[in-house]
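Quick note, the sequences are listed as chains A, B and C, same order. Per my numbering, the first sequence starts with residue 1, numbered consecutively. Per my numbering, the second sequence starts with residue 1001, numbered consecutively. Per my numbering, the third sequence starts with residue 2001, numbered consecutively.
No wet-lab data here; the hints were simulated from the structure. One or more hints might be untrue.
Claimed, not checked - Output of the computed footprint for chain A on chain B, the stretches with three or more beta carbons under 8 Å from beta carbons of chain A: (1) 1175 to 1182; (2) 1319 to 1328.
Claimed, not checked - Calculated cross-link-like contacts (lysine to any residue; reagent style SDA-like; alpha-carbon spacing at most 25 Å): (3) B:Lys1213 x C:Asn2043; (4) A:Lys152 x B:Met1042; (5) C:Lys2233 x B:Glu1058; (6) A:Lys86 x B:Arg1278; (7) B:Lys1283 x A:Lys152.
For every residue, glycine included, the Cβ atom is placed at its ideal position computed from N, Cα and C.
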Amino acid sequence: MTYEIVISGFGGQGVLSMGKILAYSGIMEGKEVSWFPSYGPEQRGGTANVTVILSDKPISSPIVDKYDIAVVLNQPSLEKFEEKVKPGGIIIYDGYGIYNPPKRKDVDIYKIDAMDEAINMNNNKVFNMIVLGGLLKAVPIVQLENVMEGLKKSLPERYHNLLPMNKEAILRGMEIIRQEN
Amino acid sequence: MSEEIVLMKGNEAIAHAAIRYGVDGYFGYPITPQSEIIETLMEAAPWETTGMVVLQAESELAAINMVYGGAASGKAVMTTSSSPGISLKQEGISYLAGTELPALIVNVQRGGPGLGTIQPSQSDYFQTVKGGGHGDYRLITLAPNSVQEMADFVGLGFKLAFKYRNPAMILTDGAIGQMMEKVKLPEFRRRRTEQEIREQCPWAALGKTPDRKPNIHTSLELDPMIMEKNNERFQAKYREIEKNEVRYEEIQCEDAEYLFVAFGSAARICLKSMEMAREEGIKVGLLRPITLWPFPSEIIREYAEKVKGMLVVELNAGQMVEDVRLAVNGKVKVEHYGRLGGIVPTPDAILEAFKEKIIE
Amino acid sequence: MVCRRNRNSPLSCLSIFKTITNMNKNEIVSPENIVYKKPKLMNDNEMHYCPGCSHGVVHKIIAEVIEELGLEDKTIGIAPVGCAVFAYNYIDIDWVEAAHGRAPAVATAIKRLNPDKMVFTYQGDGDLAAIGTAETIHACNRGENIAIVFINNAIYGMTGGQMAPTTLPDMITSTTPRGRDVRMTGNPIKILDMLVQLDGVCFATRHSVHTASAVKKAKKAIKHAFENAMAGKGTSIVEIVSTCNAGWKMTPVEANNWMVENMFPAYPPGDLKNV
């Protein structure tokens, strides 16, 4: 099984680090992974996106133009990637960042109010972990215990005290995601 | 799962591999998309562990000349940059070649010309394998196509550079530099002691001992008869490298009726195009040059007898395709497909171009 | 020069002459009669420098200092592009020939990678103060533990007498045939005065080698610079205000006089900094 995933949003929303944690989780599960970012000025306020591929076999191209899953966190990202999701694929969007929801009929559409929830939790730094939780609920690509292992690997040790908070956010995301169609 | 396997960017892998290989010195200047290399080194602070010197120079020009000095003293030294910075380094690279000094240079290419873009490109192929700096010289050129090869080619680059006393380059691009993959980092090697360097590199300028003549590193020779001899010596060495060091990878070439020829990131994308073509029943293989100089002309010549056509895919306007055509020498159709200025072609687009240019 | 030397009864010049004429060749060259010889590190290669040029004297000083400090097996010299490009042909130590202006960068790496060595650059005014200004300033700013010997003769000798960054106003060179017009080409750059501002510089001094006493002082300065480099005190720069009688189109004596009259006011000898 191969998952070709794009995660896209504003720079600073934690798009690249969410992708990295997902990729690391894949490694923990013994999968082949690749993580390919948009880079440059986009990282500083513009739209940032990352392509993460998890697969049971060696990954050929880290760059693809059709995705199984698109996680879109702002309107420009949805406009860029809605048409690039394969038929039968999945779009996950944040209800705060997207005001014109996706219209595709041939894909599964999930909404997660992750930004609202992060504000409720009084911690906007866990926004991306809430989204990750939602993604894992919609598509159980990797098991939660491997995600926690992946988090441990991708966070410098001095931040390991933040692991419980991140786990809580992931669990919260799993609860609040809703399929729309 | 081995604990040695980590997820990191190609740029980071170069930095960690350099520390582990026992590199003595790194001299660089920041430029996108490769600044993670010097950032990773500074964060790792190897001067506290292996004793490796890491210095942010005042310019690319200074950095390559620091490499030149370090190499003259027999040390394993390297620099990294991206296209515009590599243009600045050409003077120093020519001096390294002219004094026959080993060093490793990494070019994480971006689109040009001029300041160009910071997105991936392979448009420095000509600059790397056909000269770049002034004079009749060659640069051993390795083209990694994965984060793993970024790590592995640091050691390989130094091995070849020291074996032949010649600068070597890792020619990669922003895509491989910025992407993360699983990588198994090389084992730690101890840096050589001064005594070991004096023994292994008797030419090193480390201070003249009474038992030998002065070691003088210069590319200057005003007597053209002697200068010609020097050049002939270089050329003989280059022929030797061409004989011994050609490296390439053949993927599903056994039954191939057609070939993709591509290196680095373009080869990775072609892999997917090849899978897609084979799903449609088209027998395509991928020939991936790993050394761009010495170029795998011989194997390409052999495939020209077997296949019906070759598509050379590059992130440029058609550079390596010239070397493929020279090798094929008109035997079969050779076409080029590329995107320019930092655009990375998609697997679908490559397959489409292949059908249009080669099959029809 | 060889003469009989007797510490107890110094001989007058006349008696030396008489003594020598009464000696056979073997007596003259016997070791106890030697009062001066070139440093061992200086080889017998014929120098390419013009008669009257300052380079030969400075080379000799460097060779003497290396010997006196016992640094023969620890010294690496960086030769420049310019008249001294062949410096490596005359002093038998390890050398690296740098690209034009890049000697301080080359020296930086050699010293950092081999901290127990004595690393010095030997650079002219075009090399150090024009094409290599950035490398000079940044090596000094980092306080690299190297010594820089800077030959300032206000002209490009190697390429045939073109304007240097240190060429004086109205001075005639092959690229300023009507004299250096400072409105067009700027004023002479007083690079040593600039470098003194940098904290990495521990010793900056200006000398000449046109008289015996000047040579003695210049040697003392170069020795101090080399000692600083070994002691890890930072960057030392010894500027030698020099003549280029061929480029200046003068006899050696005229060139020396011209230097004192015209160069010294612009580049006055003496210490600028000695930490």
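We went through each hint and held it up to the structure:
1. 1175 to 1182: holds (count 6)
2. 1319 to 1328: Answer violated; 0 residues pass the 8 Å Cβ test.
3. B:Lys1213 x C:Asn2043: holds, 12 Å
4. A:Lys152 x B:Met1042: Measuring from Cα to Cα gives roughly 23 Å; hence the hint holds.
5. C:Lys2233 x B:Glu1058: Distance ~21 Å between Lys2233 of chain C and Glu1058 of chain B Cα, so the pair holds.
6. A:Lys86 x B:Arg1278: holds, 20 Å
7. B:Lys1283 x A:Lys152: violated, 44 Å
Checked against the numbered hints above, the structure violates hints 2, 7; every other hint is satisfied.
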